[in-house]
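Same order as they appear, the protein sequences are chains A and B. Going from the first sequence to this note's numbering is simple: count from 1 and add 50. With this note's numbering, the residue at position 158 of the second sequence is 140, and numbering never jumps.
Keep in mind that the hints were calculated from the coordinates and are not lab data. Everything numeric in this text was worked out from a predicted model, so none of it was measured. The C-beta atom is built at its ideal place from N, Cα and C for all residues, glycine as well. Accuracy of the hints is not assured; some may be wrong.
What the hints assert, rightly or not - So the derived list for chain A, only partly shown, Cβ under 10 Å to chain B, looks like this:
# : residue
1 : Pro77
2 : Val95
3 : Asp101
4 : Glu105
5 : Leu263
6 : Leu265
7 : Leu355
To be verified - Covered stretches of chain A (in silico footprint by chain B; criterion: 3 or more residues with CB under 8 Å from a CB of chain B, positions within the stretch not fixed):
#  : region
8  : 167 to 173
9  : 286 to 296
10 : 314 to 320
11 : 337 to 345
12 : 359 to 373
Stated by the list, open to error - Some chain B residues well away from chain A (every beta-carbon gap over 10 Å; in silico):
#  : residue
13 : Ala35
14 : Gly78
15 : Arg158
16 : Ala186
17 : Gly231
18 : Phe316
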Amino acid sequence: MKLLLATLLLFPLCAAAQQGTIAAQAPNTDTSYIDADGTAHITRVLPLPQDLSPEAKKLVGKQVSDALVPRPIEERRAQTDAWQAISAKAAEQIYPVNLAESTIAGVPVRVVTPVADMVPDRVLINLHGGSFNTDSGSLNESIPIANLTRMKVVAVLYRLAPEHPFPAAVDDAVAVYRELLKIYKPEHMALYGTSAGAVMTGEVAVKLKQLGLPLPAALGIFSGMGDFTHETDSWAMFTLAGLAGHHELQETGKHDPYYVGTADPRDPVLSPLYADLHGMPPTLFISSERDALLSGTALLHRAFLRAGDDARLVVFEGLPHAFWYDAPMPESKEADGLMARFFLANLKP
Amino acid sequence: MLCYSSPDSATPRRNRMKVFFSAVLLVACGTAVAQQATTAAQAPNTDTSYIDANGTAHITRVIPVPQDLSAEAKKSLSRPASDASHPQTLAERRSGTDAWQNRAGEFSKSLYPVTVTESTMAGVPVRIITPLAGVSPDRVLINLHGGGFNSDSGSLTESIPISNLTKMKVVAVLYRLAPEYPFPAGLDDAVAVYKELLKTYKPAHIGIYGTSAGGILTGEMGVELKKLGLPLPGALGIFSGMGDFTRDGDSQAMYALNGLSGHLDPPQPGPHNSDYVGSTDPRDPVLSPLFADLSGMPPTLFITSGRDILLSGTSILHRAFLRAGDDTASLIVFEGLPHAFWNDASLPESKEAYTDMAHWFSAHLAGH
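Extracted from the complex, chain A is given alone in its bound form (with noise of 0.2 Å):
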C-alpha cells in the first residue's frame, strides 16, 4: 500500500518530480478510452458534493497542487507529531478526556479516559493509523472515542516500519490484549483503528483466532484493507486526499515492502482476505466515497460477509481518507457517532 507505506516518500529519488497541473492545462469535459488491457483513461470534472456540510466542502474544495513534493521518514515523522498535537486540542475541546501515557506488557500505550462516570470493566483498543511508519491517530482515534462511549481508551503506540516490519506491531499489539485479559473480560473488550491501525484490527484479530485466545467483543476496522498482494480500483482512483494532489499511476503487484517486509503477500495474518474469517466478532466497517481504502475496506467486509459473521458497512459521500480525523466536522461527529454506539451495543453487560 503506497499510501500506507508512503514508499515514494521514503525514496524520493525513485520518482520524477511533476510539476503541479495548471488551470489551462486542467480538462474540463469528461472523457473515457479503454484501451486493449481495459485499462480506463479518463477526464473527469467533479463539483464539490452538494450534501456536504460547509466544513466539508472547505475540506474537500481545498487547492492543492499535484506535484510530488518527497518528505524523508523523519521529516514525515515530525510533520504528523506536529499536526496531530493540533488537531488533538480541536478533538479535546468537543470531547473532553483525560490522558496518560503508560506501558502495558512493556509497550508504551496512551491511557484516554472519560472525565467522569466511566463504564466499570470495559476497555477498548485502539491501533491507530499513519502508514505503519508513523502515528496519526492515538489521540484523534481515541479522544472522541472514549468521551462518547464512557470507556476507557488504551491506544497501543506499537513499534514502527521501516525500522520493525510485521509482525513486530501486531506482537505488540497482541501483548497488549494478553495482559488487558487479565483484569477484563473478552466479551468487555473491543479492538478498533484508523487505516494502518484499521488493517492492523483485522491482523490482530486473525493472530488471537490463530492463537486460541478468546476474541473481543467488537471489532472497529475504519478505512482498512485486508490484502497486501495487489492495489485495488480505489487505489488508482483517489489520493489520501481524495481527489486532490499528487497520485501515482498504479502499477500492478506492487505492496509496502517496509510493512510487509519478508512475510509472503498471502500470508493469512497479513492479509486476512485470505484467512478464515468465520467466528469474527460483529465488526463495524466505516469508509468514505474518495477514499483511496474504499475498495480495501468494502473487499473485507464482503468476506466477512461471506464467513458469516455480523458485519456491517458504512460509507461517507464524497469524503476523502479518515476525515474524521478533523474531529469537528459534523460528518466526523456523524461517523464518531456511529462507532461509539457500535461499541456501546456490543460491550453491554
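Starting from the structure of chain A, add chain B where the hints point.
Same frame as chain A, now just chain B:
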C-alpha cells in the same frame, strides 16, 4: 420532445445494460451536443489533479481493470466503448430494453429455473415468478423493476434469481411509466398491489425490493405506506437507488451508467428527472425519502458497487436510515463494478449479490 442518451452500439448486450437508470441521462435534445469519441491519442496517460477556485476537481486518471474481479467481470469491464453520446428516442429505448430484458430473462431462467406467468392484481399488470418446487406457502416478495422510470429493465432479471433462491413467489409490478405517467402513478400502482396482497399475506411475511428506479420506488413505498398508516412489510431491498431528487451525488460526476466506460453527461445543478418528478416538489418526502421521517422502517438491505453512478445516492440513503435509528439497515459495496451489474446473471459477483439479497429476505421474513 425528449431524447435519450444511449451508449455506443459496438456491443449490443452490454448496451442494453446501460439503460437501467436513465434519469440522469434525460436531456433536452437541443442540449445534447454530439461529442466525438475520444481516441487513444487523445486519452490521458498520466494522473493529474487541479482543484479550481470553486473546489471543483479536474482530474485525469489511468485506472486498470480491478484485479479482485472475476474473469467474467474483468472481461465485461474491458470491452471497448466509445464515449460519444448516442441520442435515442423513447420508443427506441423501450423496444431495445424490452428485447434485451427478454433475452436476459431467458438466460437468467436457464441458471435459476422458475415459472413465469402474467396476471393483473388490483387492476395492475404483474408478472408472477414462482419456484418450480417447494414454494414457501405464506411468503411473498414484491419487485419494483428498474429502467429509468420509463422502461422495464428488470421485471425478469431482478425477480427470477431471487424467486429461485428464496423459494418465494415474486410479484413483479409492471407499474405505469414516465413521461406519460409521472410521480406518483408508478408508486400508486405498487401500493395497490401491496394492499391486495395484504388480504392474503401477513405484512411481516412480505418483502419489497427493486433495482435502480425500482430501488428508489422501494424507499418511496416505505414512506408512503407509513404515511397511509398501513402495516409495513417485513423487509426492504434498495439495490442501487437513491432518495433525493433535489440534486446529484458525487458518484454521478464520476461514473457513467457503465462505470468508467462510455459517455458521461455531467450532472446539472438543480432537480433532476423532470419526466418522473412532474409537478411534484422535489423535496416531497414520499418522492425523496431523504426528507422523510425514516424511523421505524423495516430491516433494509442496500447494495451498490464501486463504479456505480448511484453509489452516492445509495450510501446517502443508507446513512439516513441509520440516523433515524434503523440499526438493521445494512450496506454492501461490490468492488469496481458498474450500476446494477447483477442484471448480468453470468457474473460470479451477481451470484454473490443474489445470495446476499435472498439471504436477507429469508432471514427477515422468517417470523411467525
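Please check whether the region 314 to 320 of chain A has three or more residues whose CB lies within less than 8 Å of a CB on chain B. Violated, because only 0 residues of the region 314 to 320 of chain A bring their Cβ atoms closer than 8 Å to Cβ atoms of chain B.
Check the non-interface label on B/Arg158: least C-beta distance to chain A beyond 10 Å or not. Holds, since 30 Å exceeds 10 Å.
Does B/Gly78 really sit off the interface, with its C-beta more than 10 Å from all C-beta atoms of chain A? 22 Å, holds
The hint names A/Val95 as touching chain B; please verify it with the least Cβ-Cβ distance against 10 Å. 5 Å, holds
Holds or violated: A/Leu265 as interface residue toward chain B, Cβ cutoff 10 Å? Result: violated, 22 Å to nearest chain B Cβ.
Would you say B/Ala35 is clear of chain A, with no C-beta pair closer than or equal to 10 Å? Given that some Cβ of chain A is not farther than 10 Å from that of B/Ala35, nearest at about 7 Å, it is violated.
Closest C-beta approach of A/Glu105 to chain B relative to 10 Å, hint status: Since the shortest Cβ distance to chain B is 13 Å, the answer is violated.
Under 10 Å is the threshold here; is the Cβ of A/Leu355 close enough to any Cβ of chain B for the hint to stand? 7 Å, holds
How about A/Leu263: closest beta carbon in chain B under 10 Å, or not? Status violated, d = 29 Å.
Please confirm whether B/Phe316 is truly not at the interface, meaning its C-beta sits more than 10 Å away from all C-beta atoms of chain A. The claim breaks: B/Phe316 does not keep its Cβ more than 10 Å from every Cβ of chain A (closest is about 7 Å).
Please check whether A/Pro77 passes as an interface residue: C-beta within 10 Å of a C-beta belonging to chain B. 5 Å, holds
Is the nearest CB of chain A more than 10 Å from the CB of B/Ala186? Holds, because the least Cβ-Cβ distance between B/Ala186 and chain A comes to about 22 Å, which exceeds 10 Å.
Of the numbered hints given earlier, the model fails hints 4, 5, 6, 8, 10, 13, 17, 18; all others are met.
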